[in-house]
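Please take these sequences and the hints and turn them into a complete structure.
Here the protein sequences come in this chain order: A and B. FYI, the numbering for the first sequence is 1 to 206, going by the working numbering. FYI, the numbering for the second sequence is 1 to 157, going by the working numbering.
Simulated from the structure, these hints should not be mistaken for lab results. Here the structure is a predicted model, which is why all the values come from computation and not from measurement. There could be a bad hint or two in this list.
As the list claims (entries may be wrong) - When the alpha-carbon atoms are kept at most 25 Å apart in a straight line, the in silico DSS-like pairs for lysine-lysine are as follows:
| no. | chain 1 | residue 1 | chain 2 | residue 2 |
| --- | --- | --- | --- | --- |
| 1 | A | K5 | A | K21 |
| 2 | A | K54 | B | K74 |
| 3 | A | K76 | A | K54 |
| 4 | B | K81 | A | K5 |
| 5 | A | K79 | A | K5 |
| 6 | B | K3 | A | K54 |
| 7 | A | K2 | A | K76 |
| 8 | B | K74 | A | K7 |
| 9 | B | K81 | B | K3 |
| 10 | A | K79 | A | K54 |
| 11 | A | K5 | A | K54 |
| 12 | A | K2 | A | K21 |
| 13 | A | K54 | A | K2 |
| 14 | A | K2 | A | K79 |
| 15 | A | K21 | A | K54 |
| 16 | B | K81 | A | K79 |
| 17 | B | K81 | A | K2 |
| 18 | A | K79 | A | K21 |
| 19 | B | K3 | A | K76 |
| 20 | B | K81 | A | K7 |
| 21 | A | K5 | B | K74 |
| 22 | A | K21 | A | K76 |
| 23 | A | K7 | A | K21 |
| 24 | B | K3 | A | K79 |
| 25 | A | K54 | B | K81 |
| 26 | A | K7 | A | K54 |
| 27 | B | K74 | A | K21 |
| 28 | A | K2 | B | K74 |
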Amino acid sequence: MKARKVKGLDPDGPLGDQLEKIVWVRTDELFAFMPRAADPDERTHLHDMRIAAKRLRYILEIAEESFGPYAATAYKRVKELQDLLGEIHDCDVTLPQVLDLAERARQEDVQLVRMRAGDAKDLQPRLASGGPNAQAYRGLAALATYHQARRELLFDRFVDFWESLQREGFRSRLEYAAAERPPSAEPSHDGNGVVEDLAVPSPSTP
Amino acid sequence: MAKAREVPGLHAELPFSEAAAATVRVRVEELFDAQEGVLDTEDIERVHAMRVATRRLRAVLEIYRPCFDQDYYKPVLRDVKALADALGARRDPDVQLEALSELAAAMPRADLAGIDLLADEVHEEQAEGNELLGVALAESGRSDLHGRLLALVEEPV
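Shown next, in the form of structure tokens:
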């Protein structure tokens with residue numbers, strides 16, 4: 001999946017502002033996959049959403065220091081999301097591989113049983129048992145069941161996790177954090193701390 | 001997964017292009033420091049570390065794209081992607097074999113023949129992936145990918 005282009009990036013501009021522009025686009029990109037990715041049959045969509053989560057995660061890894069405090073939490077949430085989608089993807093890759101192998105193993109046995117029958121007019125049922133792959137069928141069936149059931153379980157977790165992100169206000173909090181800048185590390189006039197912003201009254205100011 | 005090395009001197013007010021140069025330098029060293037022993041299939045953590053380093057480098061190259069001379073940038077990014085693909089071709093079977101080994105330990109003996117049959121196939125994929133990785137590493141050395149990446153940050157837009 002090709003990443004959306006981020007417009008207006010300025011090589012001479014401040015890092016924090018450029019990263020903010022990228023985070024907006026990457027967040028949009030991620031959210032655009034829902035609600036369609038909440039359909040368990042939309043495998044390609046879910047796979048692309050995982051890639052979008054990865055892109056957002058890497059930008060947050062860089063941007064954490066340049067943004068407000070929620071950016072660090074957002075990074076953790078996106079990593080959790082990406083890991084979960086990665087586990088689902090592994091099931092989506094392994095399940096067809098197991099089913100394909102089981103089918104090939106069965107076809108091998110079919111050929112062997114056919115050879116055993118030779119010129120007989122019909123096949124003796126007993127010839128069909130004890131093929132070279134007979135032992136493997138059971139394990140492959142168990143593997144297929146495991147990956148399919150695990151996929152369903154992980155998918156349910158993904159839907160719950162997405163809902164928890166919504167409840168937490170993930171998107172608006174991330175956008176707010178992306179617009180915040182940490183206090184300057186510039187030393188104060190007396191050399192003992194950061195420069196205080198005297199223009200902002202404290203809550204106790206009458 | 002190893003934590004990314006810190007990039008010294010990064011702050012929100014730093015010009016984007018300076019941040020690009022500082023970050024890419026650190027990520028390039030991280031990648032090439034992870035190269036040793038990756039073809040050893042007995043120690044799968046090495047290839048994992050190098051793959052993670054490649055992903056991080058690729059991500060920063062894409063994030064800081066406007067800061068680089070595009071004539072230098074495009075072929076370098078293409079070669080980093082090729083290296084990442086080769087690392088993936090080796091790492092994916094490594095992960096799958098590890099998972100199959102855990103499953104084999106947890107499942108009844110009667111199911112092991114099926115798991116072994118799949119593991120045999122995945123071992124073949126691992127060997128093929130290792131060959132691909134060997135070729136990709138040799139190619140990155142021949143084309144001096146390391147030097148070209150460092151030159152990229154010396155050639156600002």
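Status of the hints after comparison with the structure:
For the hint linking K5 (chain A) to K21 (chain A), the alpha-carbon distance of about 11 Å falls within 25 Å, and the restraint holds. About 21 Å separates the Cα atoms of K54 (chain A) and K74 (chain B), which keeps this hinted pair within 25 Å; it holds. Between K76 (chain A) and K54 (chain A) the CA atoms are separated by roughly 12 Å; this keeps the pair inside 25 Å, and the hint holds. Among the hinted pairs, K81 (chain B) with K5 (chain A) is consistent with the structure: their alpha-carbon atoms are about 18 Å apart, no more than 25 Å.
For a cut-off of 25 Å, the pair hint linking K79 (chain A) to K5 (chain A) stands: about 22 Å separates their Cα positions. At roughly 16 Å between alpha-carbon atoms, K3 (chain B) and K54 (chain A) fall within 25 Å of each other, so this suggested pair holds. Annotation: proposed proximity of K2 (chain A) to K76 (chain A) holds, straight-line Cα distance about 24 Å (limit 25 Å). With a C-alpha separation of about 19 Å, the suggested pair K74 (chain B) and K7 (chain A) falls inside the 25 Å cut-off, and the hint holds.
Straight-line distance between C-alpha atoms of K81 (chain B) and K3 (chain B) comes to about 21 Å, which keeps the hinted pair within the 25 Å bound. Straight-line distance between C-alpha atoms of K79 (chain A) and K54 (chain A) comes to about 8 Å, which keeps the hinted pair within the 25 Å bound. This hinted pair checks out: K5 (chain A) and K54 (chain A) have alpha carbons roughly 16 Å apart, not beyond 25 Å. Of the pairs offered as hints, the one joining K2 (chain A) and K21 (chain A) holds, with about 18 Å between alpha carbons and a cut-off of 25 Å not exceeded.
In summary, the hint linking K54 (chain A) to K2 (chain A) is supported, as the alpha carbons are separated by about 13 Å, within the 25 Å threshold. A threshold of 25 Å between alpha carbons decides the hint, and for K2 (chain A) with K79 (chain A) the separation of about 20 Å falls inside it, so the pair holds. A hinted pair counts as satisfied when its Cα atoms are at most 25 Å apart, and K21 (chain A) with K54 (chain A) qualifies at roughly 17 Å. For the given pair, K81 (chain B) sits about 22 Å from K79 (chain A) by alpha-carbon distance, which is consistent with the 25 Å threshold.
In summary, the hint linking K81 (chain B) to K2 (chain A) is supported, as the alpha carbons are separated by about 14 Å, within the 25 Å threshold. Taking the CA atoms of K79 (chain A) and K21 (chain A), the gap is about 20 Å. The hint holds against a cut of 25 Å. At roughly 13 Å between alpha-carbon atoms, K3 (chain B) and K76 (chain A) fall within 25 Å of each other, so this suggested pair holds. Between the alpha carbons of K81 (chain B) and K7 (chain A) the distance comes to roughly 23 Å, so the proposed pair stays at or under 25 Å and holds.
Between K5 (chain A) and K74 (chain B), the direct Cα distance comes to roughly 16 Å. Compliance with the 25 Å bound is thereby established for this hinted pair. For the suggested pair K21 (chain A) and K76 (chain A), the alpha carbons sit about 20 Å apart, so the restraint of at most 25 Å is met. Restraint check for K7 (chain A) and K21 (chain A): the C-alpha separation of about 8 Å stays at or below 25 Å, so the hint holds. Annotation: proposed proximity of K3 (chain B) to K79 (chain A) holds, straight-line Cα distance about 13 Å (limit 25 Å).
Taking the CA atoms of K54 (chain A) and K81 (chain B), the gap is near 15 Å; set against the 25 Å cutoff, the hint holds. With a C-alpha separation of about 20 Å, the suggested pairing of K7 (chain A) with K54 (chain A) holds against the 25 Å cut-off. The straight-line distance between the Cα atoms of K74 (chain B) and K21 (chain A) is roughly 22 Å, inside the 25 Å bound, and the hint therefore holds. Of the pairs offered as hints, the one joining K2 (chain A) and K74 (chain B) holds, with about 15 Å between alpha carbons and a cut-off of 25 Å not exceeded.
Violation of the numbered hints given earlier is absent; every hint is satisfied by the structure.
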